[in-house]
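Listed below, chain by chain, are the residues.
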Amino acid sequence: MNKFHLTRWLISLPPTLFLLIFFAVPSLIMIVTSFRFPGEYGGLAPLTAPETTVAEGDSGLYGMTLEAYQFFFSDILYAEIFLKSFVVATASTLICLIMAYPVAMLIAQSAKKYRNLMILLVVLPFASNFLIRIYAWMIILGPESAFSHFINSTLQAFGFEPVMMLFSPFAVLVGTVYVHLPFMILPLYTNLEKHDPVLLDAAQDLGANRWQRFWLVTWPQSLPGVFSGSALVFIPVLGMFAIPDILGGTGDILIGNLIKDQFLGTRDWPFGSTLSIMLMLAVLCVTGLFTLLARPRVPR
Amino acid sequence: MALLELRNVIRRFGDFTAVDNVSLSIEAGEFFTLLGPSGCGKTTLLRMIAGFDVPDSGQIFLDGQDIANTLPEKRPVHTVFQSYALFPHMTVTDNVAFPLKMSKVAPAEIKKRVEKALEEVQLPKFAHRFPHELSGGQKQRVAFARGLINRPRLLLMDEPLGALDAKLREDMQRELISLQKEVGITFIFVTHSQDEALALSQRIAVMNLGKVEQIGTPSVIYGTPANRFIADFIGKINLMEAQVTQISNTAMTLEINGLGTTVLPPKKEIQAGDQGVIAIRPEQVAVHALAKQAEIPHAHTGKVLDFLYVGDVTTYVIELDSGIQIEALLANSSPGRARFFEVDDPVIVSWPQEAAQFLVDRP
Numbered sequence: 001m002n003k004f005h006l007t008r009w010l011i012s013l014p015p016t017l018f019l020l021i022f023f024a025v026p027s028l029i030m031i032v033t034s035f036r037f038p039g040e041y042g043g044l045a046p047l048t049a050p051e052t053t054v055a056e057g058d059s060g061l062y063g064m065t066l067e068a069y070q071f072f073f074s075d076i077l078y079a080e081i082f083l084k085s086f087v088v089a090t091a092s093t094l095i096c097l098i099m100a101y102p103v104a105m106l107i108a109q110s111a112k113k114y115r116n117l118m119i120l121l122v123v124l125p126f127a128s129n130f131l132i133r134i135y136a137w138m139i140i141l142g143p144e145s146a147f148s149h150f151i152n153s154t155l156q157a158f159g160f161e162p163v164m165m166l167f168s169p170f171a172v173l174v175g176t177v178y179v180h181l182p183f184m185i186l187p188l189y190t191n192l193e194k195h196d197p198v199l200l201d202a203a204q205d206l207g208a209n210r211w212q213r214f215w216l217v218t219w220p221q222s223l224p225g226v227f228s229g230s231a232l233v234f235i236p237v238l239g240m241f242a243i244p245d246i247l248g249g250t251g252d253i254l255i256g257n258l259i260k261d262q263f264l265g266t267r268d269w270p271f272g273s274t275l276s277i278m279l280m281l282a283v284l285c286v287t288g289l290f291t292l293l294a295r296p297r298v299p300r
Numbered sequence: 001m002a003l004l005e006l007r008n009v010i011r012r013f014g015d016f017t018a019v020d021n022v023s024l025s026i027e028a029g030e031f032f033t034l035l036g037p038s039g040c041g042k043t044t045l046l047r048m049i050a051g052f053d054v055p056d057s058g059q060i061f062l063d064g065q066d067i068a069n070t071l072p073e074k075r076p077v078h079t080v081f082q083s084y085a086l087f088p089h090m091t092v093t094d095n096v097a098f099p100l101k102m103s104k105v106a107p108a109e110i111k112k113r114v115e116k117a118l119e120e121v122q123l124p125k126f127a128h129r130f131p132h133e134l135s136g137g138q139k140q141r142v143a144f145a146r147g148l149i150n151r152p153r154l155l156l157m158d159e160p161l162g163a164l165d166a167k168l169r170e171d172m173q174r175e176l177i178s179l180q181k182e183v184g185i186t187f188i189f190v191t192h193s194q195d196e197a198l199a200l201s202q203r204i205a206v207m208n209l210g211k212v213e214q215i216g217t218p219s220v221i222y223g224t225p226a227n228r229f230i231a232d233f234i235g236k237i238n239l240m241e242a243q244v245t246q247i248s249n250t251a252m253t254l255e256i257n258g259l260g261t262t263v264l265p266p267k268k269e270i271q272a273g274d275q276g277v278i279a280i281r282p283e284q285v286a287v288h289a290l291a292k293q294a295e296i297p298h299a300h301t302g303k304v305l306d307f308l309y310v311g312d313v314t315t316y317v318i319e320l321d322s323g324i325q326i327e328a329l330l331a332n333s334s335p336g337r338a339r340f341f342e343v344d345d346p347v348i349v350s351w352p353q354e355a356a357q358f359l360v361d362r363p
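Protein sequences appear in the order of chains A and B. Each residue of the first sequence is one higher than the one before, starting from 1 at the first, in full-length UniProt numbering. Each residue of the second sequence is one higher than the one before, starting from 1 at the first, in full-length UniProt numbering.
Everything labelled a hint here was simulated from the structure, so no lab data went into it. Everything hinted at is true.
Negatives, chain B to chain A, calculated, CB over 12 Å: (1) Ser248; (2) Glu255; (3) Gly273.
Straight line, CA to CA, 30 Å or less: simulated DSBU-like cross-link-like pairs of lysine-lysine: (4) B:Lys116 <-> B:Lys74; (5) A:Lys194 <-> B:Lys74; (6) B:Lys181 <-> B:Lys101; (7) B:Lys74 <-> B:Lys101; (8) A:Lys194 <-> B:Lys101; (9) B:Lys74 <-> B:Lys111.
Beta carbons: idealized from backbone N, C-alpha and C, even for Gly.
Given the sequences, and given the hints that come with them, work out the whole structure.
Now the structure itself:
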């Protein structure tokens, strides 16, 4: 028994150290960074800058400040970008869920020998580079594409104005849904595949029609899959920057873009760190909520 | 009018005929069992009565209406599944309330009826538990309560006791009989266990290879099996190849291979020369020590080959001088007395002539 425990500890030590060093330590560095002053040419200002701190009568935390947080809360713009990111992430999650559910059900109810092939097809897009796929959407949604021509001529035929699909929130949604759909399908499939088909027979036998069988038997049992799929879509979408960069217009900045700009554009590390921390807190709240909701009902 | 009537029901899967021209009728209030080995078509038949399968031809009448193509959810027929099929995400109460919710019964009425149903199956304390917190026997009771709560015309049961251990199964059998008497609902029970069928049913239909071989009360099925298959399938029985040598209006003379002739009352549609088996139950066979031979008519000598002691009874396998093996079942009535005979003991066996039956082979 003791030996078993020891082995378990030894095996789990390297990954634990890995996580500690490459997750916990950088997080700590980020937290510290968010309380410091930005350097004149990017990076951070030196911790000991006596002439400024003495002049301000700072009591000892040399070079530490709440400036970045004050800045974050002083401008409604940032709250708006956070809100917009949440809206985009929620919308992407819901669209992914609605699109993934029938696919996952179809795979789960197919003959066993075809299931692996179908799963392979679902993850096949990962074989080509993420950026290339997003640029492909740029062409598809662009004004010169056959798809755009078709949409616009259809709209005009019904007397509507032609639309510009690229560089719009619509294009961002198309991109996020397209990229994240497999992350919704896979956990849903894993869950649905475990359902006992005799339960549907039982429900039907006891008087439930097709609709009732889905909402009263399949859906409630699939909730853990729904929640884990939603987390796998919602959280990455909240922090992403490449898709809005490429497919979105100038007004479609999300938190991810903002953070990226702080480090690569404005070179304001403390503010970038502050934004990252706020995002992390938001994500923690959301995942906490998800775990709470997805938790199996505790037996009395 | 019968409650349920099947007329010439046929169901094929590819080249395989799972249910082959079955006709039977079941009266209201009956406890009816479909009995047969696995693959005999009993479950397919049950699925067609429930509506999960549709016959290729033939009709299924419930209360005089052909329901062969009615959807399962529209039939006043409920099923208790072998795996119980309780909804794992619902409490006992919600499981039992499910059929009432489906038929849009008012919530107050549902509450009242669920409480009463749980009392009937002695589970009121478990109302708020989830299925995974129940034992096999408790799940079983919930499944029955759920199947019976909105008083279906028919309750179908697909080997519902199969997953229980022997002791619990016996208890559940007794409970099932009293439950059925109490609610007065017609039960159709599917099983491959002949013990269970004999213990529970008012009537049994024995099925083999998609056909119904015999329908009758347990005592008729056990006492006068219609053919070699049923004799062999229901309980233990000694079968000895035999041939009809002579038949008249009053008697039928048979030649049993290696045992000489025997005379039985005549049966219909049997002619001299017909082949078949003489069937005799082990409990009808008497075994005596060799010394008494002179006093016993129709006796055969042999020796004990083997025996199986199971507590209340001992089964002896006896090899007759002609090489035929016969099983005899003797009750160990006196305490402490494990057996009457040892292996290799010379014995004589006999049976009352009227206990033997001739089962003719039909091509």
